[in-house]
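*Asks:* Those protein sequence lines, which keep their order, are chains B and S. The numbering of the first sequence is this note's numbering, which starts it at 1 and goes up by one. The numbering of the second sequence is this note's numbering, which starts it at 1 and goes up by one.
Rather than coming from a laboratory, the hints here were simulated on the basis of the structure. Everything numeric in this text was worked out from a predicted model, so none of it was measured. For glycine and all other residues, C-beta sits at the position ideal for the given N, C-alpha and C. It cannot be assumed that every hint is accurate.
Said to hold, decoys possible - Between beta-carbon pairs, the in silico distance windows are:
| no. | chain 1 | residue 1 | chain 2 | residue 2 | range |
| --- | --- | --- | --- | --- | --- |
| 1 | B | GLY25 | S | LEU244 | 46 to 56 Å |
| 2 | B | ARG305 | S | ASP319 | 26 to 36 Å |
| 3 | S | VAL246 | B | ASP142 | 41 to 51 Å |
| 4 | S | GLU303 | B | SER34 | 19 to 29 Å |
| 5 | S | LEU244 | B | GLY278 | 56 to 66 Å |
| 6 | B | SER34 | S | ARG209 | 42 to 52 Å |
| 7 | S | SER307 | B | GLU202 | 53 to 63 Å |
| 8 | S | PRO199 | B | PRO72 | 43 to 53 Å |
| 9 | B | GLU275 | S | ARG305 | 26 to 36 Å |
| 10 | B | ARG305 | S | GLU310 | 49 to 59 Å |
| 11 | B | GLU265 | S | SER268 | 49 to 59 Å |
| 12 | S | LEU8 | B | PRO199 | 46 to 56 Å |
| 13 | B | LEU8 | S | ARG305 | 28 to 38 Å |
| 14 | S | ALA9 | B | SER34 | 51 to 61 Å |
Protein chains: 2
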Amino acid sequence: MDLADGILAGDRLALARTLSLVENGTDEGKSILSILYPHTGKAHLVGVTGASGTGKSSLVNQLARYYRNPAPDWQPRRVAIVAVDPTSPFTGGAILGDRIRMRDLAGDSGVFIRSMATRGSLGGIASATSAVAQVLDAAGYDLILIETVGAGQSEVDIARLAHTTIVVEAPGFGDDIQAIKAGILEIADVLVVNKADLPGVENTERALRGSLNLAHPLPHRFMHHGMIEIVPEQTAASAVNEPLWVPPILRTVALDGTGIPKLVEAISNHRLHLETTGGWEQRERWRLQTELDLLLQTTLMDEFRLSLPEGAYEHALQDMFERRMSPFQAIEKLIDRSRGRA
Amino acid sequence: MDLADGILAGDRLALARTLSLVENGTDEGKSILSILYPHTGKAHLVGVTGASGTGKSSLVNQLARYYRNPAPDWQPRRVAIVAVDPTSPFTGGAILGDRIRMRDLAGDSGVFIRSMATRGSLGGIASATSAVAQVLDAAGYDLILIETVGAGQSEVDIARLAHTTIVVEAPGFGDDIQAIKAGILEIADVLVVNKADLPGVENTERALRGSLNLAHPLPHRFMHHGMIEIVPEQTAASAVNEPLWVPPILRTVALDGTGIPKLVEAISNHRLHLETTGGWEQRERWRLQTELDLLLQTTLMDEFRLSLPEGAYEHALQDMFERRMSPFQAIEKLIDRSRGRA
């Protein structure tokens with residue numbers, strides 16, 4: 001049985017192998033992805049992001065546990081966790097994190113956990129995350145929880161790959177002008193104040209509510225910073241005609257599970273909202289566009305590198321170093337050389 | 001007088017205008033940059049990064065103030081502050097931040113403050129930051145303090161553009177497995193525990209020291225994730241033959257200036273270390289390589305877009321959306337079309 005068939009039949013070993021092939025950008029991984037692609041599009045991709053120390057990992061673990069053993073009126077769901085750690089290729093933090101998780105959720109065939117320790121070239125991590133999510137989607141996981149650390153551009157890129165984005169804060173993090181500057185709130189569909197048993201939770205909530213009013217989450221969704229812009233009229237119309245989604249602010253204590261059922265409900269409500277307003281389809285389009293752009297970028301860089309005569313790149317760098325050529329002049333020369341014009 | 005001459009003559013208005021042209025990626029900006037480029041290479045680029053709420057902005061302000069009015073045995077230096085806020089194009093946080101800074105440092109012609117609110121396409125922010133730093137370098141600022149929010153890939157990219165990277169923590173942020181995962185420590189040359197008057201400062205320091213031992217900062221410096229890899233033998237040799245730089249851990253209270261002279265000393269020591277070990281030249285090369293790669297990426301994407309027949313991109317996206325084509329298949333088709341092959 002080949003790997004793609006194995007994945008569709010629920011073989012975990014085939015899944016793990018394929019994920020490695022895909023993460024490493026191998027040709028075999030790419031062809032399996034193309035076979036699996038028609039089987040994707042069913043999973044709910046949920047991004048979970050926020051600063052270090054807010055307890056995101058514990059929260060994601062609790063979510064997974066609840067989806068497996070929900071309240072009596074809910075169906076258990078199959079859950080995959082993708083832990084993305086873009087800045088840490090060397091510490092082995094991802095592996096350590098995995099071990100701690102595994103103790104929690106090991107032995108449940110309805111849960112699959114994957115830590116990505118991809119040593120990202122520019123844009124590479126979001127691309128790899130997207131590919132990994134596709135494989136898990138084809139493998140039949142109902143929810144894919146994508147956990148990212150920090151609040152940088154790569155988190156925003158990864159959030160663009162999700163249907164629902166949860167931003168996690170904790171008391172002591174939100175009561176500062178920095179929290180407003182962090183801007184990650186603009187991509188939030190659900191806000192969580194974790195560690196809500198700590199003092200200062202009211203302050204954090206108040207700061208979040210204030211920042212939220214500044215952040216105008218909806219117009220943001222209708223912008224795309226990639227190759228093309230979404231037609232403004234179309235989106236402006238949706239903004240007027242359809243009910244807005246106001247990101248709820250929820251309190252949780254991940255360590256003991258407080259607030260998890262309400263969070264699961266909010267995630268589910270957000271999906272329902274997207275489906276009833278046409279937002280699901282719109283996000284699918286944005287997700288795919290982000291993916292296409294990321295992949296295009298990587299592909300173009302790889303091709304360009306191969307097209308250069310040996311030593312041309314190093315030569316351009318040396319010219320820049322000796323201030324004989326500005327970066328823009330160096331680029332021009334490299335492009336000429338890649339086309340055999342110099 | 002044209003803008004480039006104006007900048008070299010110390011005209012602040014010419015500087016501000018050029019920075020806007022450069023930030024917006026205009027052709028005029030590019031040609032001014034090429035004129036200015038031979039005048040660059042003197043400034044000390046210092047990146048200041050860390051999570052939200054650690055008090056980075058105040059710290060950067062205090063640094064600038066100290067460089068202007070140093071201890072009697074130090075020369076005052078000209079300082080530029082570049083505040084990069086990659087995730088917040090909508091809140092106006094950057095502008096708000098500026099106003100608060102301006103009250104502090106306004107009226108001093110030896111200080112220039114610039115907030116970048118660039119709405120970043122992939123890789124675009126680091127590229128724009130680099131260009132802005134070049135202009136400020138040519139304008140004769142001795143120190144360029146580049147402040148970034150968060151701990152994502154873009155911060156790491158921006159850190160690669162600096163000679164010295166300061167990572168700021170605060171009590172309550174470092175005593176968690178997340179702090180190790182954040183990985184930003186690997187790029188640190190100087191570690192600062194700000195808000196050191198708060199309880200828990202010893203714990204934060206201890207956690208940092210522990211993480212630092214895991215993080216192996218030196219080998220990281222000898223890796224490059226861009227187009228080419230630095231030759232390992234050369235770098236391994238330097239690692240063996242030259243004295244290592246062990247990132248110092250310093251305590252500051254930015255609000256009242258405690259610890260700022262020691263921090264300035266550490267920054268200066270790090271520059272001295274780089275200069276005496278050949279590390280300065282090596283970092284210059286890495287910085288320029290990062291810059292070249294970022295710029296190449298943007299340029300290739302722009303060119304590719306222009307080379308596509310009208311509607312081709314949207315068509316590929318629609319094929320992906322309807323699951324008729326996988327992302328890799330879509331890319332292949334687009335590349336064929338851009339070359340007139342389909």
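*Asks:* For each hint, tell me whether it holds in the structure or not.
*Replies:* Verification of the hints:
no., hint, result
1, B:GLY25 - S:LEU244: 46 to 56 Å, "34 Å, violated"
2, B:ARG305 - S:ASP319: 26 to 36 Å, "28 Å, holds"
3, S:VAL246 - B:ASP142: 41 to 51 Å, "49 Å, holds"
4, S:GLU303 - B:SER34: 19 to 29 Å, "26 Å, holds"
5, S:LEU244 - B:GLY278: 56 to 66 Å, "58 Å, holds"
6, B:SER34 - S:ARG209: 42 to 52 Å, "48 Å, holds"
7, S:SER307 - B:GLU202: 53 to 63 Å, "55 Å, holds"
8, S:PRO199 - B:PRO72: 43 to 53 Å, "45 Å, holds"
9, B:GLU275 - S:ARG305: 26 to 36 Å, "32 Å, holds"
10, B:ARG305 - S:GLU310: 49 to 59 Å, "29 Å, violated"
11, B:GLU265 - S:SER268: 49 to 59 Å, "55 Å, holds"
12, S:LEU8 - B:PRO199: 46 to 56 Å, "55 Å, holds"
13, B:LEU8 - S:ARG305: 28 to 38 Å, "36 Å, holds"
14, S:ALA9 - B:SER34: 51 to 61 Å, "59 Å, holds"
Consistency with the previously given hints fails for numbers 1, 10, ordered from lowest to highest.
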